[in-house]
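Participant: Sequence:
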Amino acid sequence: MPGRRAVFLDRDGVLNESVVRDGKPYPPASLAQVVIVPDALASLRRLKDHGFLLLVVTNQPDVRRGSTTQEQVNQIHHFLSSQLPLDDFFVCYHDDSDACRCRKPRPGLIEAGAAAYHVDVASSFLVGDRWRDIEAGVAAGCRTIFIDRGYNEKNSKLAADITVSSLSGAADWILEQKAHPTEFPG
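Heads up, the sequence shown stops at 185 in numbering that gives the first Met the number 0, and the numbers go up one at a time, no gaps.
Treat the hints as calculated values from the structure; they're not laboratory data.
Incorrect hints may have been included.
[Claimed, not checked] Listed below are the simulated SDA-like cross-link pairs for lysine to any residue, each with C-alpha atoms no more than 20 Å apart in a straight line: (1) Lys153 to Leu85; (2) Lys23 to Gly140; (3) Lys153 to Pro24; (4) Lys177 to Val163.
[What the hints assert, rightly or not] Between beta-carbon pairs, the in silico distance windows are: (5) Ala41 to His77: 17 to 27 Å; (6) Arg100 to Ala121: 12 to 22 Å; (7) Ala31 to Arg148: 33 to 43 Å; (8) Thr162 to Arg20: 38 to 48 Å; (9) Leu40 to Thr162: 17 to 27 Å.
Ideal placement from N, C-alpha and C gives every residue a C-beta, glycine not left out.
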């Protein structure tokens, strides 16, 4: 039996707006700072209507760094789940110095989601707004979509399959790939 198809979504900058300071994106520290991106609901509904699982894969190192709590992160996830058709969240609370397998750019979060939901990673997609997302998607074997938010930070050494300016642009491209089964398995 073939695995299910999923869209793995980064959280900050993809589903909700990042808090940008000096050109660099940061996660909202509390629910009060969360603003869902304007095209999120319609884009995610379109993907759900076409049978995709929607799995959030997010680094949240500010818990480890002490600038937010796991409870605040969970409140944000509960809120996002109440507003958007998301299936699950996979979270890494580690910092770079922890050298864990789950922190993007390593593929552990995607692999955990794929194992939990019997996902065919090769028939799935990763949508992200930072180089770590793209590298994790490539390492896991997903097709990758980079949402360019114009951040002032380093870019990936690996190119995404496509660069778009919005989540709706990502959804358009994913559904276009699905419509051409000779070019895309599944």
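Participant: All hints are to be evaluated individually against the structure, with a verdict given for each.
Facilitator: Going down the list of hints, with the structure as the test:
1. Lys153 to Leu85: violated (29 Å)
2. Lys23 to Gly140: Not satisfied, since the Cα-Cα distance of roughly 28 Å exceeds 20 Å.
3. Lys153 to Pro24: At roughly 12 Å apart (the allowed maximum being 20 Å), Pro24 and Lys153 satisfy the hint.
4. Lys177 to Val163: Status holds; Cα separation ~17 Å.
5. Ala41 to His77: 17 to 27 Å: holds (21 Å)
6. Arg100 to Ala121: 12 to 22 Å: holds (20 Å)
7. Ala31 to Arg148: 33 to 43 Å: violated (21 Å)
8. Thr162 to Arg20: 38 to 48 Å: Given a distance of about 24 Å, which is not inside 38 to 48 Å, the answer is violated.
9. Leu40 to Thr162: 17 to 27 Å: holds (23 Å)
Violated hints, listed in ascending order, are 1, 2, 7 and 8; each of the other numbered hints is respected by the structure.
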